[in-house]
Amino acid sequence: MTVPYTNFKTREGDEWREVDTVDIFENKKVVVFAVPGAFTPTCSTKHLPGYEENYDELKALGIDEVYCVSVNDAFVMNAWAKDTKTEKVKMLPDGSGVFTQGMGMLINKDHVGFGMRSWRYSMYVDNGEIVKVFEEPGKNNAGDDDNPFGVSDAGTMVKYLKGLNAG
Amino acid sequence: MMKGLKIPKVTFRVREGDVVLEQGCSFEEGKWADKSTDDYFKGKRVVLFSLPGAFTPTCTSTQLPGFEENYDKIKGMGIDEIYCCSVNDTFVMNAWAEVLKIKNVKVIPDGSGNFTRFMGMLIGKNHVGFGNRSWRYMAVINDGVVEAWWQEPGINNDGSDADPYVESTPENMMTYLAQNK
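These protein sequence lines are chains H and Y, in that order.
For the first sequence, our numbering assigns the number 1321 to the initial residue and increments by one for each residue that follows.
For the second sequence, our numbering assigns the number -2 to the initial residue and increments by one for each residue that follows.
Source of the hints: derived by calculation from the structure; they are not laboratory data.
Note that the coordinates shown come from a computational prediction; the quantities given were computed from them, not determined experimentally.
Fair warning: there could be bad hints in the mix.
To be verified - Below 25 Å or equal to it, Euclidean Cα-Cα: the simulated BS3-like pairs (lysine-lysine) are:
id, chain 1, residue 1, chain 2, residue 2
1, Y, K32, Y, K98
2, H, K1408, H, K1379
3, Y, K41, Y, K72
4, H, K1482, H, K1349
5, Y, K32, Y, K72
6, H, K1329, H, K1410
7, H, K1402, Y, K100
8, Y, K41, Y, K6
9, H, K1366, Y, K28
10, H, K1379, H, K1348
11, H, K1402, Y, K98
12, H, K1405, Y, K98
13, Y, K41, Y, K100
14, Y, K28, H, K1459
15, Y, K103, H, K1402
16, H, K1410, H, K1452
17, Y, K103, Y, K6
18, H, K1379, H, K1452
Chain H with its partners taken away, still in its complex shape (with noise of 0.2 Å):
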C-alpha cells in the first residue's frame, strides 16, 4: 500500500506553503507517527519528545525524515512545536483529515469534544510505500480506550529499523 495522496496546507513564517505527499516521500525513506490531538497529553509528555530525542539515531539507520501528523490546522500545530521546543521533527496539520482517512485511520473522538481525529499509530514508508505500520490495539470510534500507547513510539520505530539493517 502507498501512502494516500494528500496536499497539506502548512505555515512557514507568514506564508502558506502546499507541502504533498510526493515531496514528502518520493525517493526518500520516512518515519511518520500520528497522534490524537497537539497539546494533548501523552503525544506532548511523550510521544513527540520520544521521536524528537531518538531523531538523530533514526536519521543514523538511514531515514531521511520524520513526521508528525495530526488532524489539526498549521497554525495549531506550529504553536505546539514552539511549545514543545521540537526543531527536528517536522509536523504535517491534517486538519481535513484527508491523509489520516486515507490512512484508514480517521476515528471520531466526539467523546472528548474533539470531532475526526486520528488513531495513533507509527509507520516506515520508503518512497511512498508502507513499509512497516506499528498501530495501537483497539482502533474504536467510540472513546472506548484509554488512549492506548504502546507500540508507536519512538523506541520501537528504532529496535524495527535496526532488525531491517541487520537483516
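Given the coordinates of chain H, work out where chain Y should sit on it, guided by the hints.
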C-alpha cells in the same frame, strides 16, 4: 435575522485544572468536566464571539486580546461573562488562552462543531486544511436567547473571502451595549 433565536442545547467536554509542568505539556493534574449551554448561558446576559481557529492571525492578534482588554468595561455595561468559542478542542483552547495570557474571557471548546453547526455557522475551511470551522460572528445572548447579532459578510464554504473582521469587534459591541444596558 438571528435576534430572538433560542440557542441550541449542547454539552461541551472541558478540561479543568491542568497544571503546566514543563514545556507547556504535562496535563496529569487536570480532569474532564461536562459543561452544557445551560451552564454558560442560563440566567445570564453574556457576550459570545466565535472565530475560525485558535492560534490563527486575526483572532490571536486582535479579536481575543481586544475583548480581553475591554473585559471590565464590557462587564460594566450589564454583561455577566464574555465567551470565546471556536471549533477546537479543550486542550488547544486552553493552550491558546495561556499563551495569550487570557485571564478574563472564557473559552468554549466546540471541537465536535455541534454548537456551531446548530447555530448555522459551521463552514468548510478545507482550502486552508482546517476541516469544518466557525464563521466569525458575535452576539449578545440573554438567558439563552439571542438579543443582538453581528456576523462578518460573505459566509461561504469555499474560502472565497479574506477572513473579514469588521463586524464582530469589541468596539461594535461596546457601542451597542452603551445604548442597550
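Do the hints match the structure? See the list:
At most 25 Å may separate the alpha-carbon atoms for a hinted pair to count; Y:K32 and Y:K98 meet this at roughly 23 Å. Annotation: proposed proximity of H:K1408 to H:K1379 holds, straight-line Cα distance about 11 Å (limit 25 Å). Distance hint between Y:K41 and Y:K72 is fulfilled; the C-alpha atoms sit about 12 Å from each other, no more than 25 Å. With a C-alpha separation of about 14 Å, the suggested pairing of H:K1482 with H:K1349 holds against the 25 Å cut-off.
Note on Y:K32 and Y:K72: the hinted pairing holds, with a Cα-Cα distance of about 22 Å set against a maximum of 25 Å. Taking the CA atoms of H:K1329 and H:K1410, the gap is about 13 Å. The hint holds against a cut of 25 Å. A threshold of 25 Å between alpha carbons decides the hint, and for H:K1402 with Y:K100 the separation of about 22 Å falls inside it, so the pair holds. Proposed proximity of Y:K41 and Y:K6 is supported: the alpha carbons are some 15 Å apart, at most 25 Å.
Of the supplied pair hints, the one linking H:K1366 and Y:K28 holds, its CA atoms being roughly 19 Å apart against a limit of 25 Å. A C-alpha spacing of about 12 Å is found between H:K1379 and H:K1348, which places the hinted pair at or below 25 Å, so the restraint holds. Taken as a hint, the H:K1402 and Y:K98 pair is honoured in the structure, with Cα atoms around 16 Å apart against an allowance of 25 Å. A C-alpha spacing of about 19 Å is found between H:K1405 and Y:K98, which places the hinted pair at or below 25 Å, so the restraint holds.
Distance hint between Y:K41 and Y:K100 is fulfilled; the C-alpha atoms sit about 20 Å from each other, no more than 25 Å. Restraint check for Y:K28 and H:K1459: the C-alpha separation of about 23 Å stays at or below 25 Å, so the hint holds. For the suggested pair Y:K103 and H:K1402, the alpha carbons sit about 24 Å apart, so the restraint of at most 25 Å is met. Taken as a hint, the H:K1410 and H:K1452 pair is honoured in the structure, with Cα atoms around 20 Å apart against an allowance of 25 Å.
For the given pair, Y:K103 sits about 19 Å from Y:K6 by alpha-carbon distance, which is consistent with the 25 Å threshold. Simply put, H:K1379 and H:K1452 have alpha-carbon atoms about 17 Å apart, close enough for the 25 Å limit, and the pair holds.
In summary, the structure agrees with every hint in the numbered list given earlier.
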